[in-house]
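Take a look at the letters that make up each chain.
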Amino acid sequence: MSFDVDVRKALGDHVVTARFVASDGITLLWGPSGVGKTSVLNMIAGLMRPDQGHVSIDGQMLFDDSAAINLLPHRRRIGYVFQDGRLFPHLRVRANLLYGHRLAAPENRWMSLQAVIDFLGIEHLLGRWPGTLSGGEVQRVAIGRALLSGARALLMDEPLASIDPARREGIMDVILRIRDELVLPIVYVTHNPAEADRLATRKIELMPSSR
Amino acid sequence: MLSLKVSLAAMLITLPLAFALAWVLARWRFPGKLLLDAAVHLPLVLPPVVIGWMLLLTFGPAGPVGGMLERWLGLSVMFRWTGAAIAAGIMALPLMVRAIRLSIEAVDHRLEEAAQTLGASPARCFFTILLPLSLPGVAAAFILGFARSLGEFGATITFVSNIPGETRTLSLAIYSALQVPGADEAVWRLALISIGLSLGALLLSEALARRTSATGTRHVL
Numbered sequence: 003m004s005f006d007v008d009v010r011k012a013l014g015d016h017v018v019t020a021r022f023v024a025s026d027g028i029t030l031l032w033g034p035s036g037v038g039k040t041s042v043l044n045m046i047a048g049l050m051r052p053d054q055g056h057v058s059i060d061g062q063m064l065f066d067d068s069a070a071i072n073l074l075p076h077r078r079r080i081g082y083v084f085q086d087g088r089l090f091p092h093l094r095v096r097a098n099l100l101y102g103h104r105l106a107a108p109e110n111r112w113m114s115l116q117a118v119i120d121f122l123g124i125e126h127l128l129g130r131w132p133g134t135l136s137g138g139e140v141q142r143v144a145i146g147r148a149l150l151s152g153a154r155a156l157l158m159d160e161p162l163a164s165i166d167p168a169r170r171e172g173i174m175d176v177i178l179r180i181r182d183e184l185v186l187p188i189v190y191v192t193h194n195p196a197e198a199d200r201l202a203t204r205k206i207e208l209m210p211s212s213r
Numbered sequence: 013m014l015s016l017k018v019s020l021a022a023m024l025i026t027l028p029l030a031f032a033l034a035w036v037l038a039r040w041r042f043p044g045k046l047l048l049d050a051a052v053h054l055p056l057v058l059p060p061v062v063i064g065w066m067l068l069l070t071f072g073p074a075g076p077v078g079g080m081l082e083r084w085l086g087l088s089v090m091f092r093w094t095g096a097a098i099a100a101g102i103m104a105l106p107l108m109v110r111a112i113r114l115s116i117e118a119v120d121h122r123l124e125e126a127a128q129t130l131g132a133s134p135a136r137c138f139f140t141i142l143l144p145l146s147l148p149g150v151a152a153a154f155i156l157g158f159a160r161s162l163g164e165f166g167a168t169i170t171f172v173s174n175i176p177g178e179t180r181t182l183s184l185a186i187y188s189a190l191q192v193p194g195a196d197e198a199v200w201r202l203a204l205i206s207i208g209l210s211l212g213a214l215l216l217s218e219a220l221a222r223r224t225s226a227t228g229t230r231h232v233l
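Protein sequences, first through last, are from chains A and B. Under the working numbering, the residue at position 19 of the first sequence is numbered 21, and the numbers go up by one with no gaps. Under the working numbering, the residue at position 6 of the second sequence is numbered 18, and the numbers go up by one with no gaps.
Be aware that one or more of the hints could be misleading.
Stated by the list, open to error - Simulated restraints, written as ranges between beta carbons of each label pair:
id : chain 1 : residue 1 : chain 2 : residue 2 : range
1  : B       : W84       : A       : L115      : 50 to 58 Å
2  : A       : A163      : B       : H53       : 39 to 47 Å
3  : A       : R104      : B       : W40       : 48 to 56 Å
4  : B       : H53       : A       : N194      : 47 to 55 Å
Said to hold, decoys possible - If you want the footprint, here are the derived chain A segments under chain B, 3+ residues with CB under 8 Å:
id : stretch
5  : 68 to 76
6  : 90 to 103
Since the hints were made in silico from the structure, they are not lab data. If you're wondering where the values come from, they're calculated on a predicted model, not measured in any experiment. Every residue gets a Cβ at the ideal spot worked out from N, C-alpha and C, and that includes glycine.
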């Protein structure tokens with residue numbers, strides 16, 4: 003499983019560029035604030051269209067401007083864990099978890115609901131509404147929801163940023179276990195050096211550039 | 013009661029149209045959006061008589077829509093309760109679009125992005141995320157539009173006249189009763205009904221609007 007990313011996008015008065023090939027493990031996008039790390043994740047997920055370049059995963063082209071390929075986000079099978087979780091407020095935890103699972107083709111569902119519940123230790127949360135969860139609980143559910151959607155890789159945008167420091171350790175363990183036990187490639191964005199050192203298999207430095 | 017039938021039919025016709033317009037106005041950017049926005053709000057500021065007259069032109073036997081209905085379906089809404097429902101629906105449209113638009117704008121667009129990364133097509137996002145989350149606004153719009161329809165007068169009397177049992181809705185009945193000497197009791201009764209219905213509808217829709225936004229800053233009133 004490997005990512006091949008080479009994208010370029012003008013945003014306002016600067017240009018976001020990223021070019022890397024990443025295989026298993028945690029690929030850390032690193033760089034000063036405003037350099038466009040989240041934009042790169044959005045381009046990989048298909049939520050933002052690059053001006054130029056290509057994105058492929060495991061040999062499948064997801065975006066290629068020269069071949070006019072641009073797969074819609076829902077066809078990419080890339081899980082995305084956002085900084086703020088983005089759980090659906092009108093669905094209980096269980097329905098949030100199953101949202102993508104029900105949409106995935108049966109052959110792509112490589113993890114069952116029970117396996118995810120056990121993996122993340124969230125059995126007791128199933129009947130709760132997202133509004134009643136703590137930051138750490140929200141991220142566990144968000145990670146579970148992404149795993150259940152049949153994702154073949156995960157994007158994580160500062161998943162620990164809105165969690166109080168005491169709970170970060172637990173989520174960090176989960177992320178390391180996703181890397182080691184589930185062997186799922188992760189592209190990870192953070193500002194926190196300690197987090198970066200602990201998690202990164204490799205670091206990709208993004209450079210600021212103006213147009 | 014005829015008024016309830018007319019208003020209910022008006023809502024059934026108008027609600028999908030109002031939702032579509034609200035969605036377009038809330039989420040799309042295109043040239044001429046301001047013009048569409050203004051056109052949607054026209055019934056709010058135009059004299060209702062003008063709306064009624066325009067409906068006559070449109071739905072009359074020689075009009076573009078009326079002609080087609082007559083030719084293909086053998087239908088006419090002229091001087092029928094269905095015509096009264098159309099008039100009431102058009103007059104209620106701006107209020108309904110406003111209420112639904114506010115609730116669509118209150119839905120975090122990023123939730124729809126999250127749904128897409130989980131495998132939901134744009135259409136599925138619409139039906140499983142946007143629609144349920146904007147439902148309180150839709151309900152508010154329904155109630156508000158319903159109350160507005162009950163009170164419709166000018167466009168209705170211009171378009172479909174004032175025919176007892178067919179197009180004589182609550183407001184027209186009050187007007188008619190006022191023309192008859194000694195019908196004060198009937199006027200009082202009808203007026204109180206209409207005050208009660210309208211007040212109840214406003215309070216209910218405001219309560220729903222407050223539930224939509226936790227901050228309480230979005231109001232229908």
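Evaluated hints:
no. : hint                       : result
1   : B:W84 - A:L115: 50 to 58 Å : holds, 52 Å
2   : A:A163 - B:H53: 39 to 47 Å : holds, 42 Å
3   : A:R104 - B:W40: 48 to 56 Å : violated, 29 Å
4   : B:H53 - A:N194: 47 to 55 Å : holds, 50 Å
5   : 68 to 76                   : holds (count 3)
6   : 90 to 103                  : holds (count 5)
Of the numbered hints given earlier, the model fails hint 3 alone.
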